[in-house]
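S.K.: Sequence:
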Amino acid sequence: GQAVRDAGDHFACVTMDWWPSNKCDYDVCPWGDAGILTAPIEDERLVRALHGLGPVTLRLGGTQADNITYVLGEDSGIACPDFFSPAPPTLSNNFTGGCFTAERWQQFHDFCSAEKDCRLVFGINLMNGRDRQEARWDEPCPGEWDWSNAKALIDATVAANLSVYGYELGNEIQCLTPETFAGDVHTLAALMDEAYGSAPHLARPRIIVTDQLEWEPLFFHRFVPLVTDVADVITWHEYPLGPGYGNDALDDEVMNASFHDRFLRTAQSAHDTVSSLSDGQLEVWMGETGGAFNSGHNLTSNAFMDAFWYLESLAGFAKSGHTGFCRQTLIGGNYELVDKETLVPNPDFYALSLFSMLMGPQVLSARLTAPEDQVRVWSHCTATSYADASVTLLALNYLDSAVELSLPSGTSGATLKVFQVTADDLHSRSVLLNGAYLAPESDGTLPTLEPISTTGPTLGLPANSYTFLVLPADA
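Counting in the numbering used here, the sequence shown runs from 44 upward without gaps.
Wrong hints could be hidden among the right ones.
[Claimed, not checked] Quick list of simulated restraints, FRET-style, between CB atoms:
#1 268 - 295: 29 to 35 Å
#2 497 - 417: 19 to 25 Å
#3 451 - 471: 51 to 57 Å
#4 69 - 416: 49 to 55 Å
#5 478 - 324: 43 to 49 Å
Calculated from the structure, these hints are not laboratory results. Note that CB positions come from ideal geometry on N, CA and C, so glycine has one too.
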């Protein structure tokens, strides 16, 4: 394959959201005590799970980020209401309040630290002082950003010598013009300049914007040139599978490789647009996606089948030039990587763990010479932490029947390492690696992900399976 992109050293990203336990959609309430304020981040089982994802970014954000009050530093005595929803049903836009304390902030720094190969991104409330309305950016909502509470958070973080990889500003704010939003980004940059100018021992966090609800070309064409001098990353959101419930075709769409092509085309357009408008200065991330929105779908989003859209998207976004891909969520909702009740990894946890372990930052070009649309292949140089001078091929077989993959002739006789993942059923909550079930020990110790060895030049792909194949580069 030919090298085409560099996806960076922390492409993998997982999120945690603010939702309280009474966040419900479609009469389903899948959050429990899994939100940012209540998730058991001091439980060693969850700590081990996060650490087991390898180099990873943990993003704290979501819809309610723009309701949260920070009780830190100069604002230690500020009035800080808890989450409140006026009446059932508890729709997303009904919630107000939310109180984030210095103690909880410290707990997250203990949970996600450099020692655990984790970097922390935090979404700042951009609606403080504004009247949030269901309006688009060409019909702006009234008010100006009151940044005083954000300043208290930033200053207190510096005073406590806590490391933050990046600050996001706002989450899916649809009612600010590009010009107004850009002005607020410059304000955030000034706050950070002031705080970190006197703390040269701390790395200045990156500025990550805008977490737009979707890729909006008209908005970003106006916005990007206004922030290129102060921002570091442009982010956008999308849930390409639509609503978690009410879509009878959801399972069919997950298992149709062609359905995911539109998402990947949008990714390429987003990257190319930002790169052109910023002269290549700004990175582009998928800032939040969980496949299906409104918390996903039980026994789809948390089942084996979900790995097909997820791995297709991880590989496709890396190839498009994105340098971050944030999965909603680590814990919480139906799309969680770790079950909130048992703290046992869901199937997609192992998909991401294998991707991070094997797929290095250098993206290669891979193709099938006899294309079968429901069989997809992607390739990276193998992560050097796993093996030197190797290439990893990811093969996804969406078909209900097995196929045989013919490998390059140089693989004949070469030792190939195979990580083949299957399940008893597409809706299964457990998976098998090379025929053996994956499950943690009772204390959360994760299973070792071991390959089997084979030789080329062919590789069998079972029905409805995905396979990571590590082969010597000279093969």
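S.K.: Work down the list of hints and note, for each, if the structure agrees.
M.R.: So, going through the hints one by one against the coordinates:
1. 268 - 295: 29 to 35 Å: At 41 Å between Cβs, range violated.
2. 497 - 417: 19 to 25 Å: holds, 23 Å
3. 451 - 471: 51 to 57 Å: violated, 33 Å
4. 69 - 416: 49 to 55 Å: Because 32 Å falls outside the window, the suggested range is violated.
5. 478 - 324: 43 to 49 Å: holds, 48 Å
The structure does not agree with the numbered hints 1, 3 and 4 stated previously, though it agrees with the rest.
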